[in-house]
Amino acid sequence: MVSHESAQTLWNALLESGVKPCGLGARDTLRLEAGMNLYGNDMDESISPMAANMAWTIAVKDDRHFYGKEAVLAEKESKQQGKLIGLLLDGKGVMRSHQVVINAQGEKVGEITSGTFSPSLQNSIAMARVTGKVQSSYQIEMRSRLVNAKVVTMPFVRNGQPVYKLIES
Amino acid sequence: MSNIPGDLKYAATHEWVRQEGGDIVTVGISDFAQEQLGDVVFVELPEVGTNVEAGDPIAVVESVKAASDIYSPVTGEVIEVNPVLEDAPETVNEDSYDYGWFFKIRQTQGGDLEELMDAESYQDQCEE
Chain A
1 MVSHESAQTL
11 WNALLESGVK
21 PCGLGARDTL
31 RLEAGMNLYG
41 NDMDESISPM
51 AANMAWTIAV
61 KDDRHFYGKE
71 AVLAEKESKQ
81 QGKLIGLLLD
91 GKGVMRSHQV
101 VINAQGEKVG
111 EITSGTFSPS
121 LQNSIAMARV
131 TGKVQSSYQI
141 EMRSRLVNAK
151 VVTMPFVRNG
161 QPVYKLIES
Chain B
1 MSNIPGDLKY
11 AATHEWVRQE
21 GGDIVTVGIS
31 DFAQEQLGDV
41 VFVELPEVGT
51 NVEAGDPIAV
61 VESVKAASDI
71 YSPVTGEVIE
81 VNPVLEDAPE
91 TVNEDSYDYG
101 WFFKIRQTQG
111 GDLEELMDAE
121 SYQDQCEE
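These protein sequences, in sequence, are chains A and B. 1 is the number of the first residue of the first sequence in the numbering used here; add one for each residue after it. 1 is the number of the first residue of the second sequence in the numbering used here; add one for each residue after it.
It should be emphasised that the hints constitute simulated quantities derived from the structure, not laboratory data. Just so we're clear, the structure is a prediction, and the values are computed from it rather than from any experiment. Hints should not be assumed to be uniformly reliable.
Unchecked claim - Below, in silico cross-link-like pairs of lysine-lysine (DSBU-like), each with a Cα-Cα straight-line distance of 30 Å or less:
1) A:K76 x A:K165
2) A:K150 x B:K65
3) A:K83 x B:K104
4) A:K83 x A:K61
5) A:K92 x A:K69
6) B:K65 x A:K92
7) B:K65 x A:K20
8) A:K165 x B:K65
9) A:K133 x A:K61
To be verified - Estimated spans, in silico, between C-beta atoms of each pair:
10) B:D69 x A:P162: 47 to 53 Å
11) A:K61 x B:D39: 41 to 47 Å
12) B:A119 x A:Y39: 23 to 29 Å
C-beta: ideal position from N, C-alpha, C; glycine also.
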């Protein structure tokens with residue numbers, strides 16, 4: 001920690017010695033490559049852990065009770081809120097949050113919650129929340145175009161290397 | 001300091017316009033714009049033959065950070081788009097004024113570029 005009087009001097013000295021500045025853009029590509037949710041994008045108070053790929057954080061199989069257990073179990077049963085999946089774009093462009101996800105039957109089944117261009121994969125990746133049985137691919141509505149995206153496991157990248165696997169429906 | 005060639009006209013939305021003779025203009029985005037966008041990873045160009053009006057969003061630049069609309073600075077017909085950008089969108093970062101051009105438009109309502117800024121006015125805008 002440095003005092004605020006020294007912050008500017010330190011920052012400039014770091015820049016001069018060749019340290020590259022990085023900010024929210026870098027943080028966002030890294031966390032998405034790692035398959036980590038961003039609160040407010042991929043999850044919030046209204047989304048059940050089951051629909052946010054967070055079921056692993058909750059012990060529902062034993063007898064212990066916790067506040068909200070009934071709601072979690074009900075959601076696990078109904079799957080009403082859908083499921084958070086990883087997508088790898090099969091074409092050019094960049095998936096962005098709120099783009100519509102369409103299934104093979106042409107139905108709108110969800111939307112992208114986070115999307116970016118992965119610097120490690122040199123390809124666009126995204127998380128999307130979809131309802132219904134998870135398919136092996138979806139179409140993404142990108143402005144006037146429909147672009148195909150494959151469903152993959154997350155994380156997408158670990159230690160700079162691709163680690164995702166395709167999901168068969 | 002970004003590069004702002006004196007022989008081009010500029011739109012407030014950071015497109016540059018080069019008069020190619022006749023009613024034809026070439027359009028791209030400024031060095032300032034490409035710097036602000038960061039690494040360009042995809043460019044969606046209009047179809048050749050599309051009729052456009054000045055101010056219409058007709059292309060999209062995707063960088064890692066964001067998707068940005070590109071507006072037509074003139075009214076006319078798109079007669080050519082840059083084929084290089086399909087496979088090498090990073091050309092926009094590397095050479096925004098030459099190899100990184102976006103599209104050519106044949107103006108249908110005269111060759112009047114008076115609505116656009118000269119290099120000096122554009123420079124002022126970028127420094128604000």
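Each hint tested on the structure:
1. A:K76 x A:K165: holds (24 Å)
2. A:K150 x B:K65: holds (22 Å)
3. A:K83 x B:K104: violated (45 Å)
4. A:K83 x A:K61: Holds - the C-alpha atoms of A:K61 and A:K83 are around 20 Å apart, at most 30 Å.
5. A:K92 x A:K69: violated (43 Å)
6. B:K65 x A:K92: holds (16 Å)
7. B:K65 x A:K20: Since the Cα atoms of B:K65 and A:K20 sit roughly 17 Å apart, the hinted pair holds (cutoff 30 Å).
8. A:K165 x B:K65: holds (26 Å)
9. A:K133 x A:K61: holds (23 Å)
10. B:D69 x A:P162: 47 to 53 Å: violated (32 Å)
11. A:K61 x B:D39: 41 to 47 Å: Because 46 Å falls inside the window, the suggested range holds.
12. B:A119 x A:Y39: 23 to 29 Å: Hint violated: Cβ distance 45 Å, outside 23 to 29 Å.
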